[in-house]
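Read in the working numbering, the sequence shown has 347 at position 202, and its numbers run on one by one without any break.
Note that these hints are calculated values from the structure, not bench results.
Cβ atoms here follow ideal geometry from the backbone N, Cα and C, with glycine treated the same way.
Do not rely on the hints blindly, as some may be mistaken.
For each label pair, taking beta carbons as the anchor points, the in silico distance ranges come out as [to be verified]: (1) T236 to E408: 20 to 26 Å; (2) R172 to R348: 21 to 27 Å; (3) A147 to S251: 20 to 26 Å; (4) I398 to S250: 42 to 48 Å; (5) D170 to E392: 18 to 24 Å; (6) A147 to W287: 32 to 38 Å; (7) N223 to F286: 36 to 42 Å; (8) A147 to D318: 37 to 43 Å; (9) D170 to P267: 35 to 41 Å; (10) R395 to R365: 17 to 23 Å; (11) S251 to G350: 30 to 36 Å; (12) G401 to A309: 32 to 38 Å; (13) A309 to E408: 16 to 22 Å.
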Amino acid sequence: MARLAVISDIHGNRVALEEVLRDLDRRDVDAMICLGDIVGYGPESSECVRLVRGACRVAIRGNHEDGVLAKDVGRGWNPVAQAGLAYARRTLTDADKSFLAGLPSSFSIRGSLLAVHDSPVPSEHGMNYLRNSSDAADAFFWIRESICLVGHTHVAACFVTECAPSVRPHVEDLQLIVPGGGVEGVSQEWTETCLVESISLPRRGRAIVNPGSVGQPRDRDPRASYAIIDLEKSVVDFHRVCYDIEEAARRTIDAGLPAVLGERLAIGA
């Protein structure tokens, strides 16, 4: 798997997922992996499960999958998230739930790649957020592979270090690259529907890559986000894809879900 497409945090947004899959049809990728949170928030969790099953060679169980399968998991979540979980439970088929229950919590290619939903740092509650350099420093201590894939934050990012495995690097020794942040070495290529940003990864160091969110970006860019990693060339391409946000919002509201779940799509928050 030299070129690996990485998607995450779809959250029942079928309109966005279908557009991302159409965009990926134009890309030369060997396989696709989903980092979890296929369900929740949006109105079409079952349809998104079906699409992921058909498109992805590997899928990982996220905290929203856990929340759908076990009500205790989402008990302390905010009311909007709980509404999305309740709707997903009602609309997912038994086959959908069986598929979600069988998903692994991680995936690895020895020495090369580790994929998790939120963070490689062990957690009893499954809700670790890898948002900043301090979080990344903790995470690198637990990573033996060259590249670690994470989702959960809904924000595309890349952390890099030259620190050896089994050592917690100093925060000041990490580099954080945020796509669109104007970091030196990042190139931009505009196409009709998509922004592509290419970032070179350290061949001797290690990297944590977050592809951002397909269905509910939270970086003030409403376009669907995903990534393609070339394991041989040590390059990650971050992609942003336009989709029909008004249609996705309409489906959300028509399903009787809280209006904010549709409204937030337009502002990427």
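Results of checking the hints against the structure:
Evaluation of the 20 to 26 Å hint for T236 and E408 yields a pass: the beta carbon distance comes to about 21 Å. For R172 paired with R348, a C-beta distance near 23 Å keeps the hint of 21 to 27 Å intact. Separated by about 21 Å at the C-beta atoms, A147 and S251 satisfy the suggested range of 20 to 26 Å. Distance hint check for I398 and S250: the Cβ-Cβ separation is about 33 Å, which falls outside the suggested range of 42 to 48 Å.
In this structure the hint that D170 and E392 lie 18 to 24 Å apart at CB holds, the actual value being about 20 Å. About 26 Å separates the C-beta atoms of A147 and W287, a value inconsistent with the hinted range of 32 to 38 Å. A beta carbon spacing of about 31 Å between N223 and F286 contradicts the range 36 to 42 Å that was offered as a hint. Separated by about 29 Å at the C-beta atoms, A147 and D318 break the suggested range of 37 to 43 Å.
The hint said 35 to 41 Å for the Cβ distance between D170 and P267, and at roughly 38 Å that hint holds. At about 22 Å, the beta-carbon gap between R395 and R365 stays in the expected band of 17 to 23 Å. A beta carbon spacing of about 21 Å between S251 and G350 contradicts the range 30 to 36 Å that was offered as a hint. In this structure, G401 and A309 break the distance hint of 32 to 38 Å, their C-beta atoms being roughly 52 Å apart.
Taking 16 to 22 Å as the suggested C-beta distance range, the pair A309 and E408 does not conform, at roughly 46 Å.
Consistency with the previously given hints fails for numbers 4, 6, 7, 8, 11, 12 and 13, ordered from lowest to highest.
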